[in-house]
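Residue numbers (this note's numbering), protein chains in the order written: chain A, 1 to 145; chain B, 1001 to 1413.
No lab work stands behind these hints: they were computed from the structure.
Computed from a predicted structure; not experimentally measured.
No residue lacks a Cβ here, since even glycine has one placed at the ideal position from N, Cα and C.
Please note that the accuracy of each hint is not assured.
As the list claims (entries may be wrong) - Which residues of chain B face chain A? A few of them, derived with a C-beta cut under 8 Å, are: (1) G1064; (2) H1067; (3) E1071; (4) A1210; (5) D1235; (6) G1237; (7) I1329; (8) K1333; (9) E1337; (10) V1346; (11) A1358; (12) V1362; (13) T1366.
As a plain string of letters, each chain reads:
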Amino acid sequence: MTHHAILETHEAHGETTLIAAPEKIVDLCRYLKSDEKFLRLSGITAVDWHPAEPRFEVVYHLHSIERNQRVRIKCRLGSDRAEIESVYSVWRAADWYEREVFDMFGVGFRNHPNLVRILMPVDWEGHPLRKDYPVHGYKYSYPNE
Amino acid sequence: MSKRPLDTDPVATLSAPAVEPANPSAPRLMTLNMGPQHPSTHGVLRIMLELEGETIRKALPDIGFLHTGIEKQCEVNTWQQAVTLTDRVDYLSNLSNNLVYALAVEKLLQLEIPARAQWTRVLLAELTRINSHLVWLGTHALDIGAMTMFFYCFREREDILRLFEMVSGQRMMTSYIRPGGLALEPPRGWDKAVGKFIKAFPSKVDQYEALLDANPIWKRRTQGVGFISLEDMLDLGVTGPMIRGAGLKWDIRKSEPYSSYEKFTFEIPTRKENDVYARYQVRLAEMRESAKIVVQALEGMPGGAWQADAPHVVLPDREKMKTQMEALIYHFKIVTEGYRVPAGEVYQAIESPRGEIAYYIVSDGTSKPYRVHMRTPSFGNLQALPVLLKDTLIADSIAALGSMDFVLGDTDR
């Protein structure tokens, strides 16, 4: 199963990175949690490579206390379909991390229990950590700036 | 003019269903808004509570009031300028944030840090831990009604802030630990001042324990309160003293040593009880262990350089800058353009006073970070709040909240 889910692996600075197929992410995570003892999800974040394609990288950091080991999983998503399956069913910790990625990057998570903005106000427009989002905001900036 | 019926409670009518429930004995829930300016939430945290009488049936935290876009700001500043932003993430443990950022950038730069800088970093990180735990103990005791503790803790905290001011010129926003080493050489007499403070400190912890350990009010308010199972905590991303209060012996200083922590002997305090009192005991024991590490760092402090031998990263000495041309060129390059960091990505985790703090840094080879993600312990811990507060009394919620020791600046970034 994992052979199909993992596209590439990298080693750098003593850290392991797996590039995974986005449609297999839940299966891969469930396998790593149950069979490989990665009981902790340290965090989920994203990187925006605008204007390159595939534009988004969703980055999962897994940690195993038992094995004293960390692993990073990356899924590449194009801007036309920036959406991935939620891993909330594997770790409940994914709830807020996925909401944050949704809020800051506009990446969707299918089957997330409550995918709403978490840091910005609910009626905010745009996703601040995208590279095409200006540092001073496009709507709320001062006119003479 | 119609008269309002006396039995209509305006708050209760808000949450009551429009039609009568089919089962008349179904509980009548009341929605209560706590915060965002409630003093015991230690910052701007808003919690929506659904109450049945005095019991919390559901708690929904609402965060983001202190979001300042620090991660976005990092992307438009140079690697060096971003250090000052890391101070402002967790404003009670600034040096821990400086340290994790510096370690991550140094990993990308593949810099060798001299022993003296590493040991000074350990010393400062432990003073930061004591400082942060003191603020926690003082304010947590104040929430529960033990006001004296607040003054006692802030008395010692003032001493620590004075030590920070001696090395960095700042009490809180230190920016003292930087990629490449330390910002300045510790001034003469600083080690003596640290030694004087740390020698007296264990007796101060005895004072706190004398005030609280056997205090019947403190015990009644904290023992058996705020239980959350270890499985839930691991699944929800909780780290730090919360998890050690449930008996799990996990500390990143031991499991993944950084900045030469492997050279120090110390214990990881754990408790089995998994309540507010256990977390209080863990933090007090951690203060004692930190004091031991500080003493070891002072006694074994190596001599030599306090910055890496990397002129393209570390700002040159002022004297050299004014007398040597190379130093002047490096200074000009670092200040105007900033140093370049090789492309790559790192994930560096350390044990902050609140738990696992990890920075995920991506570089594209330029003089500005491409992406800085801060995995902060407060964000991870706060996620467990709905589970922690479920089916507790509203009066106990204050003690349970306080035992998490979150900082909202750390949560919202």
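Status of the hints after comparison with the structure:
no. : hint  : in the structure
1   : G1064 : 4 Å, holds
2   : H1067 : 4 Å, holds
3   : E1071 : 6 Å, holds
4   : A1210 : 35 Å, violated
5   : D1235 : 5 Å, holds
6   : G1237 : 3 Å, holds
7   : I1329 : 30 Å, violated
8   : K1333 : 24 Å, violated
9   : E1337 : 19 Å, violated
10  : V1346 : 5 Å, holds
11  : A1358 : 6 Å, holds
12  : V1362 : 6 Å, holds
13  : T1366 : 13 Å, violated
Violated hints, listed in ascending order, are 4, 7, 8, 9 and 13; each of the other numbered hints is respected by the structure.
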